[in-house]
Amino acid sequence: MAITKINTIAVASLSIIGVLFAVIIIQATGYAQTSLPSRSLQIADPRPAQTNVNYTVGFSVTGAGYVLGSFTLLFCDNTPLIGQPCDPPVGFDASTAIITNQTGISGFTIAPGATANSLLLTRVPTFVNAADIRIELSGITNPTNKGTYFGRIQTYSSDDATGVAVNEGGVTFAITPPIDIATYVPPYLYLCVAVTLPGYLCSGAVGNFVDFGELSANQTRTGTSQFLVATNAGAGFVVYVIGIPPTSGNNVIPAMTTRGPSQTGVSQFGINLRDNSNPDVGNDPVGAGSGTIAPDYNIPNQFKFFYGQALVSSNTTTADKKFTTSYIINVNRNQKPGVYNTTLLYIALATF
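The numbering of the sequence shown is my numbering, which starts it at -8 and goes up by one.
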């Protein structure tokens, strides 16, 4: 007789630091020929009056590209519209900012003459092909008061922001106390495992033991369990299985470490997540979720068991999806007698 005990572990790779990133693209009016595409402004710490904060400004060069020699960054508390009066944010100070990283481009430095709310970033004017440009600035002091603030970005072909702007646009960022973060939707990872899961509710879970009964060299013994997974993690999730094949003292029913069919008379332990006909066991996944079965466990009538291997994954958020794990055990005539058992752990990891 072989008994499989199933425990449930749900692990979410999650870190909430109390950081609010606000990126709002606003159609700008002004003098440039085209709106600056894919522009953004991200801050690493949104707390009022916080010092030495990292700000990352981003924008894209699309199409055939153009000569880029400089761009200006102006911070205002009244409007992002270029050409309108700009009121400097109270307490904000970017005059001692430095560039700590730049991607998609190189050679930018901060020109002398920076003020509390304006920066000129300059480089040797050079043709720039289509690229996503990100410039990280550090050493900035946040505005004193919580609220919504604005940045104005204008790019130039000259190295000193003279002449007509090539592209321009406005961005928005928010300064908030950490307590404000609590009002937002929290991340979640939802995983439950049982022998039977009626519908899509873990509250109805039944059982955590699978009894294979008496093993015989003439017959494949089968069993099933189910797990339900869902998450709002933007980068999705992975479900792993951890455990060893059934053992009785020093005797082992070998795991199928490579994918293959069920063979009576051959000692083997394997699983898959499909509806099988040989032997007749299991069900295909059900539910609206986006989880995808790993290739080695996604072929009917083919089985495998490998310690710590991923069973199901998704690269985006997913609604509830239920999977049925099919277990097979075969033994040969020389398999040592005994009570064989193992414990399998199903682990879910999410990336937020």
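In case anyone wonders, no lab produced these hints; they're calculated from the structure. Be aware that one or more of the hints could be misleading.
[To be verified] What follows is a list of derived Cβ distance ranges for each label pair:
hint: 1; residue 1: 299; residue 2: 122; range: 32 to 42 Å
hint: 2; residue 1: 251; residue 2: 225; range: 31 to 41 Å
hint: 3; residue 1: 269; residue 2: 330; range: 25 to 35 Å
hint: 4; residue 1: 82; residue 2: 117; range: 54 to 64 Å
hint: 5; residue 1: 327; residue 2: 189; range: 17 to 27 Å
hint: 6; residue 1: 225; residue 2: 129; range: 25 to 35 Å
hint: 7; residue 1: 82; residue 2: 103; range: 54 to 64 Å
hint: 8; residue 1: 92; residue 2: 239; range: 35 to 45 Å
hint: 9; residue 1: 96; residue 2: 153; range: 15 to 25 Å
hint: 10; residue 1: 269; residue 2: 325; range: 50 to 60 Å
hint: 11; residue 1: 225; residue 2: 40; range: 55 to 65 Å
hint: 12; residue 1: 205; residue 2: 225; range: 16 to 26 Å
hint: 13; residue 1: 187; residue 2: 53; range: 48 to 58 Å
Every residue gets a Cβ at the ideal spot worked out from N, C-alpha and C, and that includes glycine.
key: Whether the CB-CB distance between residue 225 and residue 129 falls inside 25 to 35 Å   = Given range 25 to 35 Å: holds, Cβ gap about 26 Å.
task = Hint says 54 to 64 Å; check whether the CB-CB distance for residue 82 and residue 103 agrees.
result = violated, 23 Å
request  = Starting from the hint 48 to 58 Å, judge whether the C-beta atoms of residue 187 and residue 53 obey it.
outcome  = holds, 54 Å
task = State, for the Cβ atoms of residue 92 and residue 239, whether the hinted interval 35 to 45 Å holds or is violated.
result = Between residue 92 and residue 239, where Cβ atoms are some 58 Å apart, the hint is violated.
query = Are residue 299 and residue 122 spaced within 32 to 42 Å by their CB atoms?
reply = Taking Cβ atoms as reference, residue 299 and residue 122 lie about 40 Å apart, which means the hint holds.
ask   = At the C-beta level, are residue 269 and residue 330 separated by a distance inside 25 to 35 Å?
value = Holds, since residue 269 and residue 330 (Cβ atoms, about 27 Å apart) stay within the stated range.
task = Confirm or reject the claim that residue 225 and residue 40 have a C-beta distance inside 55 to 65 Å.
result = Since the Cβ atoms of residue 225 and residue 40 sit about 31 Å apart, the hinted range of 55 to 65 Å is violated.
key: residue 327 paired with residue 189, Cβ distance criterion 17 to 27 Å   = violated, 38 Å
query = Is the gap between the beta carbons of residue 269 and residue 325 within 50 to 60 Å?
reply = violated, 24 Å
message = Given the hint of 54 to 64 Å, is the C-beta distance from residue 82 to residue 117 inside that range or not?
response = Since the Cβ atoms of residue 82 and residue 117 sit about 36 Å apart, the hinted range of 54 to 64 Å is violated.
task = Just tell me: holds or violated, for the beta carbon distance of residue 205 and residue 225 against 16 to 26 Å?
result = Hint violated: Cβ distance 48 Å, outside 16 to 26 Å.
ask   = Lying within 15 to 25 Å: is that true of the beta-carbon distance residue 96 to residue 153?
value = Holds, at about 20 Å.
Violation of the numbered hints given earlier is confined to hints 4, 5, 7, 8, 10, 11, 12; the remaining hints are satisfied by the structure.
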